[in-house]
Amino acid sequence: MGRRYDELEKEHIAFIKQQKLFFVGTAANDSIINVSLKGWDSLRVLSSNRIAWLNITGSGNETATHLAQNERRTMKTSETIDMRNAGSM
Numbered sequence: 383m384g385r386r387y388d389e390l391e392k393e394h395i396a397f398i399k400q401q402k403l404f405f406v407g408t409a410a411n412d413s414i415i416n417v418s419l420k421g422w423d424s425l426r427v428l429s430s431n432r433i434a435w436l437n438i439t440g441s442g443n444e445t446a447t448h449l450a451q452n453e454r455r456t457m458k459t460s461e462t463i464d465m466r467n468a469g470s471m
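Using this note's numbering, the letters of the sequence shown correspond one by one to residues 383 to 471.
Please note: incorrect hints may appear among the correct ones.
Said to hold, decoys possible - Keeping only pairs whose Cα atoms sit at most 25 Å apart, straight-line, the calculated DSS-like set for lysine-lysine is: (1) Lys402 <-> Lys420; (2) Lys399 <-> Lys420; (3) Lys458 <-> Lys402; (4) Lys402 <-> Lys392; (5) Lys392 <-> Lys420; (6) Lys458 <-> Lys399; (7) Lys392 <-> Lys458; (8) Lys420 <-> Lys458.
Unchecked claim - Each pair of labels, with its calculated beta carbon distance range: (9) Asp423 <-> Glu453: 16 to 26 Å; (10) Glu389 <-> Lys458: 10 to 20 Å; (11) Ser413 <-> Glu391: 28 to 38 Å; (12) Arg432 <-> Gly407: 13 to 23 Å; (13) Lys392 <-> Gln451: 32 to 42 Å; (14) Thr447 <-> Glu391: 24 to 34 Å.
It is worth saying that the hints were derived from the structure and are not from the lab.
Beta carbons: idealized from backbone N, C-alpha and C, even for Gly.
Taking the hints into account, I'd like the entire structure generated from these sequences.
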């Protein structure tokens with residue numbers, strides 16, 4: 383079960399700053415859903431309750447289209463494994 387926080391804690395911010403890949407899920411007003419992989423060192427923490435990412439145009443840029451209709455979004459980060467060091471796990 384997930385937990386809700388009123389704002390990002392120092393540990394959250396440190397984790398977010400390490401992310402190389404993340405996903406953004408959006409939905410249009412007619413409920414068409416899109417989940418896009420993001421990256422390229424484009425995620426930034428602006429404050430304890432505000433983040434931003436550079437939305438690089440992809441296959442039609444559906445994320446921007448949905449966000450122009452409404453502000454609903456979900457972000458998912460994922461810890462990655464350096465396969466060069468996987469043998470030592």
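Evaluated hints:
Under the criterion of a C-alpha separation no larger than 25 Å, the hint pairing lysine 402 with lysine 420 is consistent with the structure, at around 8 Å. This hinted pair checks out: lysine 399 and lysine 420 have alpha carbons roughly 14 Å apart, not beyond 25 Å. A distance of roughly 12 Å separates the Cα atoms of lysine 458 and lysine 402; the hinted pair therefore holds under the 25 Å criterion. Restraint check: the Cα-Cα separation between lysine 402 and lysine 392 comes to about 18 Å, which is no more than 25 Å; the hinted pair holds.
Simply put, lysine 392 and lysine 420 have alpha-carbon atoms about 23 Å apart, close enough for the 25 Å limit, and the pair holds. A hinted pair counts as satisfied when its Cα atoms are at most 25 Å apart, and lysine 458 with lysine 399 qualifies at roughly 13 Å. Between lysine 392 and lysine 458 the CA atoms are separated by roughly 18 Å; this keeps the pair inside 25 Å, and the hint holds. Only pairs whose Cα atoms come within 25 Å are accepted, and lysine 420 paired with lysine 458 is accepted, the gap being roughly 10 Å.
For the hinted restraint 16 to 26 Å between aspartate 423 and glutamate 453, the CB-CB distance of approximately 24 Å keeps it satisfied. Checked against the given bound of 10 to 20 Å, the beta carbons of glutamate 389 and lysine 458, roughly 19 Å apart, stay inside it. Roughly 33 Å separates the CB atoms of serine 413 and glutamate 391, a value that falls within the hinted 28 to 38 Å. The hint said 13 to 23 Å for the Cβ distance between arginine 432 and glycine 407, and at roughly 19 Å that hint holds.
Remark: the range hint 32 to 42 Å for lysine 392 to glutamine 451 is upheld by a beta-carbon distance near 34 Å. Roughly 33 Å separates the CB atoms of threonine 447 and glutamate 391, a value that falls within the hinted 24 to 34 Å.
Figure legend: structure checked against the earlier numbered hints; every hint is met.
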